[in-house]
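Participant: Protein chains in written order, with our numbering: chain A, 1 to 325; chain B, 1 to 325.
Take these hints with a grain of salt, some might be off.
No copy is singled out in the list; a pair is fine if it fits within one copy or between any two copies.
Calculated cross-link-like contacts (lysine-lysine; reagent style PhoX-like; alpha-carbon spacing at most 25 angstroms) [stated by the list, open to error]:
| no. | residue 1 | residue 2 |
| --- | --- | --- |
| 1 | LYS44 | LYS54 |
| 2 | LYS54 | LYS28 |
| 3 | LYS18 | LYS253 |
| 4 | LYS3 | LYS136 |
Just so you know, these hints were derived from the structure itself, not from any lab.
One-letter residues, chain by chain:
Protein chains: 2
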Amino acid sequence: MPKISQKGQAMPESPIRKLVPFAEAAKKRGNKVFHLNIGQPDIKTPQVALDAVKNNTIEVLSYARSEGSEEYREKLAAYYKKHNINVTAEDIIITTGGSEALLFTLGSITDAGDEIIIPEPFYANYNGFSTANNTKVVPVISSIDDGFALPPIEEFEKLISPKTKAILICNPGNPTGYLYSKDEINKLKALVLKHDLFLVADEVYREFVYDDNKHNSVMSLDGLDQHAIMIDSVSKRYSMCGARIGCVVSKNKTFTQAILKFAQARLSSPTYALLASEAALETPQSYFDEVIEEYVDRRNILIEELNKIPNLKVSEPKGAFYCIS
Amino acid sequence: MPKISQKGQAMPESPIRKLVPFAEAAKKRGNKVFHLNIGQPDIKTPQVALDAVKNNTIEVLSYARSEGSEEYREKLAAYYKKHNINVTAEDIIITTGGSEALLFTLGSITDAGDEIIIPEPFYANYNGFSTANNTKVVPVISSIDDGFALPPIEEFEKLISPKTKAILICNPGNPTGYLYSKDEINKLKALVLKHDLFLVADEVYREFVYDDNKHNSVMSLDGLDQHAIMIDSVSKRYSMCGARIGCVVSKNKTFTQAILKFAQARLSSPTYALLASEAALETPQSYFDEVIEEYVDRRNILIEELNKIPNLKVSEPKGAFYCIS
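Bound conformation, chain A alone (with noise of 0.2 angstroms):
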């Protein structure tokens, strides 16, 4: 019998979809599930979003541009100047979920046996993307004692190579619910411009951020141009994971062109999703404001019971909507 490859022996099975099958046994039982373990908000879809695709006037569902049409892209730079990051359409690359906008980064900056650093707790499939692309996670440990912040810049220093490529954060952070400050943001920016890496993050949940805190973009750094990227992707902000449409973006050409290379082998994006998501762009502000009251809510509520329990210890999120013990 033919065997398998080794990568494909050591993809990491997905610890939290391991548990799809237990839930979808439990409902037939007649229990009602309440699934805590992913990261799938019950939020409706903004309307304007589910509406595209109601109305299209698609005859021929055709194949979109590769790194995604012009318009939706000068779309979501105008978009994120709103959040203080200033980019244009060229600087974006639209990928098929955050998901792929990682898997391609990861190609494009790392070579077999290369190494990222990411501060741990992380979201599980980074290491999936990483043995993928045979890219090796070297984790920097953050405690539950700060509540997850930035490990000291030392411990980073420890840990990095001749086969450092980059440092990968999650902001804020899955799982950890943790915010980087500004001033642990610039200390990041100090590090990869000493060592000359590639500064990666992962700003999904940018639009979750609670209790006055504000969140600082690696796009936003002055100087920063050559080594900053920024992932992205609409399932989480307007609640439509299953749009399967996020970005990759950076001011460093060379990196983009890369990633078009990539982009174009898979040739596009899928079609009505794209529709939802260029339509979302038109989401009203009232709507983030009911989200993120409501977020706020269930998170005070499920921190307040915890700490009822006796010697377990929670970190308060910041940002995003997880919570870790």
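Using the hints provided, position chain B relative to the given structure of chain A.
Facilitator: Chain B alone, transformed into the frame defined by chain A:
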């Protein structure tokens, strides 16, 4: 400035997509452009698929199951049975296009430096997926003189090394239009059994077979359960390239379990497109009859006219919708 990976540098630019900016510029100048460079049918997508999306009642656009829903895979298995392909839902993993099906397959059966043998000329993006996975493509030359028939098995055997993991064919062929005979498929079967290789068949043009020819799937061969892998897609069958839905089909459980792990890492295929693809299975036979009549007409006109050009050698496609000269 941090460097792009060797892989990122080696990724090929799409020779097809490279033409897009020129076509767009010509359109802006007011010219009518006939896109002969890309496999994007102008045939209308089946109404039943378009309607499924227009009439959807989704309120929260959620992730789909990583491997595709049970229902869709059951229906697909029933569809394959009509084509003498005897598989069950368990043998099928839904992917985001045939592109992802190929990428996951290469990841599951080859490690860096491993080789796959492909009859040349072949679909240009096979190079892209291989580069993305550090897989080496070893071409075996087929010739226009016999219409791109299967090269002699001795030619394959000359190229087989300990690094060889699979033979990849496209049947009917993009871009050759060649359709492998039962005898040729059986020769490939004997070859992969002798050398214990995977036989990967990209069969996305299965429906487009002309002149009373018959398609022979690698999945309909006895004794090849552990070796045969079929790549499929809804893109051409239903003229819905923009859906980005495909699948990997195999009876080799170790292989499909590896594919599932790649699928879990990227979470799910696009939900709207899954709706369209599942509904497309209800497309009436009359749709295919009309499409095939149209393609045969177009082929005949094209071949007739090309043959009038002095010193131009043209091969007459038996399947798919490409013509090579």
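Participant: Does each hint hold? Answer for all of them.
Facilitator: Hints versus structure:
no., hint, result
1, LYS44 / LYS54, "both (15 angstroms within a copy, 18 angstroms between copies)"
2, LYS54 / LYS28, "neither (31 angstroms within a copy, 30 angstroms between copies)"
3, LYS18 / LYS253, "between (39 angstroms within a copy, 17 angstroms between copies)"
4, LYS3 / LYS136, "both (23 angstroms within a copy, 17 angstroms between copies)"
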